[in-house]
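K.L.:
So you can see what is in the structure, the chains are spelled out below.
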Amino acid sequence: MWDFPLFPEQASTAARHVDQVYFALIALSIFFIFSIGGAALYFMTHYHFRRDADRRNVPKSNWKLEVIFIGSAVVVSTFFFFWGAYKYLKISQATDDALELFVLGKQWMWKVQYPEGQREINRLHIPVNQPIMLRLTSQDVIHSFYVPAFRVKQDVVPGRYTTLWFEATKTGTFKLECAEYCGTDHSRMLGEVVVMSAPDFARWLANRPVQSTMVAQGERIFARAGCSGCHTAASAVHAPDLQGLFGRRVALSTGETLVADASYIRDSILLPKKHVVAGYAPIMPSFEGQLSEQEIFALLEFIKFEPALNDAANASPNTEKNDANK
Amino acid sequence: MAPTLKNYLQDGSTLRSWFLSTDHKRIAILYLLSITFFFMIGGTVVGLIRLELLSPAGDVVSSDTYNRLFTIHGVIMVWFFLIPSIPVTLGNFLLPLMLGAKDLAFPRLNLLSWYLFIGGGIFTLVAVVVGGVDTGWTFYTPYSSTFANSAVITVAAGVFITGFSTIATSINFIVTTHTMRARGLTWFRLPIFVWSLYATSIIMVLATPVLAITLVLLAVERGLQIGIFDPSLGGDPLLFQHLFWFYSHPAVYIMILPGMGVVTEVIPCFARRPIFGYKPIAYSSIAIAILGFLVWGHHMFVAGESIYAMLMFSFLSYAVAIPSGIKIFNWTVTLYKGRIYMKTPMIYALGFLGLFTIGGLTGLFVAALAVDIHVHDTYFVVAHFHYIMVGGMVSALMGGLHFWWPKMTGRLYPEFLGQVSAWTMFLGFNLTFFPQFLLGYLGMPRRYHTYPAEFQVLNVMSSLGASILAVGYILPFFYLVWSLRWGKKAARNPWRATGLEWEYADSPPIKTNFESPPIVHGPAYDYDPQKEVNFD
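So the sequence lines, in the order shown, correspond to chains P and V.
Using the numbering used here, you'd call the opening residue of the first sequence number 1 and step up by one each time.
Using the numbering used here, you'd call the opening residue of the second sequence number 327 and step up by one each time.
Worth flagging that the hints you see were computed from the coordinates, not collected in a lab.
Hints may be right or wrong, so weigh each one.
Result set (DSS-like, lysine-lysine): computed pairs, CA atoms no more than 30 Å apart in a straight line [as the list claims (entries may be wrong)]:
1) V:428 with V:815
2) V:814 with V:837
3) V:857 with V:815
4) V:605 with P:64
5) V:332 with V:814
6) P:111 with P:304
7) P:60 with V:857
8) P:274 with P:111
9) P:64 with V:857
10) V:815 with V:837
11) V:605 with P:60
12) V:837 with V:428
Partial chain V-side listing against chain P, Cβ under 8 Å, derived [what the hints assert, rightly or not]:
13) 466
14) 602
15) 694
16) 767
Just so it is clear, CB atoms sit at the ideal spot from N, CA and C, and this is done for glycine as well.
Work out the full structure, taking the sequences as your base and the hints as a guide.
P.N.:
If you want it as structure tokens, here you go:
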């Protein structure tokens, strides 16, 4: 419907909401520009020095008028604050049924990983009418994941995870741009989001060459990097149990508790002294510099989804068992 | 009658009498020449940028060069042009005169501030010569602290030094306003320009130290890699953004409040009536200064701050719009029952009214959380701040320069050329920046060397506008310089304006400003619109 050349197309559930606030603000602006401009132009002509006009009793102040001015400014501001915030909360609402993808920004490309193991560079394939959640991080500097047609943008920050929810409402190919200056080829860090119907997407996933799912990749890394040396049932070292960790409340040695989310897990791998679990000594070594962001994504999936984490890690890295079962 | 004393321009003609002068008026002239020089560099750089953006491909300069161009454009225009602009030229020249004083409270500190400004400027120019800096004027980490291969520390040092110039000026202004007002000149009889300089000075003295520390931390991180901002060493890249914007948001109010003050002097004079709502306008300047410190997080809505922070900053950003709105309403009502003369300064002031209104209204767009997600880091924001800083502040600077030109130089500028320049600037400005709102909403990000082809038409319009805007700035440069030698000599008060600088000081003033200290008997803006005026 919105094939207006001055606005990008509306291709997500968020777009309509964002545009509503935008158009309302345009209407408000036109109203103010015409009333202030109109009043100014009227006064400029009616009271032009060459014109005879009634210039007696010049008002130096009028508190009633000031209250009306201030009052109307307050009303307008309050309204747009609430509406802008309400719409924002609506479009950034997480859903439980979102398809989670992993996006790594680096100078100067986007690397995408699917849970099933597919990988892409500078392109995302997603199904239409399906909530998507991107887990984003950067390998180097701050970038920003921006799809104008969806009206979504999220900075991609090194050292932490950020997340972005959206749901595409149209099939087609939509521009992806980096929106945070990141060096030489910032303006060439472009990509595409390809939205397909659900059956087309399933077909695309199935046809895409895959070496192994992210969970299987994570399992191999878990063994290879030595995590299983401490974090399994068979270990002699006293280390926290990772089975079912994701989403669990964890008590820390400082007395606080927190919920173990993706950022917590990532921090525990790279900055193990940041959150020490209550009852454990801070002896875990850091894996900073040894694991890439993509490997950490895979570990995250493994910790989240592997139902037999405590035993699975004992299998050798070359086993085909888990791949065949998926 | 011709003055028997020499005016400040004639009183000493050696280099020493200029470069070691503690006369606030001479220092104002030194500053005027300096900021004009930096404006020309910053403007030439953006000429290259707009040339490059005529076509989608990056075919005029390389990406690395382009990134250096937009960075140095921002650094120079913000720190070496706009932040000093009106305060160090018109402010330095007029504050003692408007207060009925002989000079500022600390004349030698004033001279030092100019040398600090020049020292910082030299550092920055050296950086440009040794290869430039490519981080954007915002220096975001970890790009600037770990990855950039450019003269980051040199530029940071230049800005650091110049910051002390700002702090010195602001201390001088605050103390002078408190302690050196003439007899009878109570706070609420002050010209609003003084209120605006005062509010600006409060922001300068409180915010600039934060910038200084932030730049030191950036230099330390870049030099010693100790992990303040580098996440792989346990640092936080977002810490930099909080520190930087805590200064840089108040900084934008430094870059508009003085312009608002100038407009509040010009409109009453050319509408021949008192400003409407003196107290609300005075208080609103203070309100803007205070609220301006509470909104920095609106630059970080997409950066990963908490939803609670986002809500608070959005709310406060709407709050800070209200005092500006009051000024706009009051300036408009000041035209009611006035006697309007459309002289050059008035054209600039009314241009300010229109352009600042548009720029301010688009602030409501970016303050709305839902909309900012889409327009953040796009040309929408670029257009928003240029409407305020260039459409607003630079218009006010031009208007103020023209208004006080007779007082500062003893000459009148050519009125016809003044009007041509004002209109050229207004039209060129709109053609340059209005298309950028559209580009932003369409999804063109900032700081893009190359861009998708569908954005070309709007970019061509913008570049065309820029060439017209350039004419609007170059013309005054020529005729103002021309007027120094061949302009009509000005009387003491060619605009029949109120204010101690017009009523009791010559054009140009003697070195000590007044033959004897003036005494103030009534409120400011004592104009009567029922009287016709014959301007010279």
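K.L.:
Give a verdict on every hint.
P.N.:
How the hints compare with the structure:
1. V:428 with V:815: At roughly 24 Å apart (the allowed maximum being 30 Å), residue 815 (chain V) and residue 428 (chain V) satisfy the hint.
2. V:814 with V:837: Holds - the C-alpha atoms of residue 837 (chain V) and residue 814 (chain V) are around 22 Å apart, at most 30 Å.
3. V:857 with V:815: 25 Å, holds
4. V:605 with P:64: Given that 30 Å is the threshold and the Cα spacing comes to 14 Å, the pair holds.
5. V:332 with V:814: 19 Å, holds
6. P:111 with P:304: 21 Å, holds
7. P:60 with V:857: 17 Å, holds
8. P:274 with P:111: 28 Å, holds
9. P:64 with V:857: 28 Å, holds
10. V:815 with V:837: Answer holds: residue 815 (chain V) to residue 837 (chain V) is near 19 Å, not above 30 Å.
11. V:605 with P:60: 10 Å, holds
12. V:837 with V:428: With Cα atoms ~8 Å apart, residue 837 (chain V) and residue 428 (chain V) stay inside 30 Å; holds.
13. 466: 6 Å, holds
14. 602: 7 Å, holds
15. 694: Holds - the Cβ of residue 694 (chain V) comes within 8 Å of chain P, reaching about 3 Å at its closest.
16. 767: The hint holds - residue 767 (chain V) has a Cβ within 8 Å of chain P, the shortest such distance being about 6 Å.
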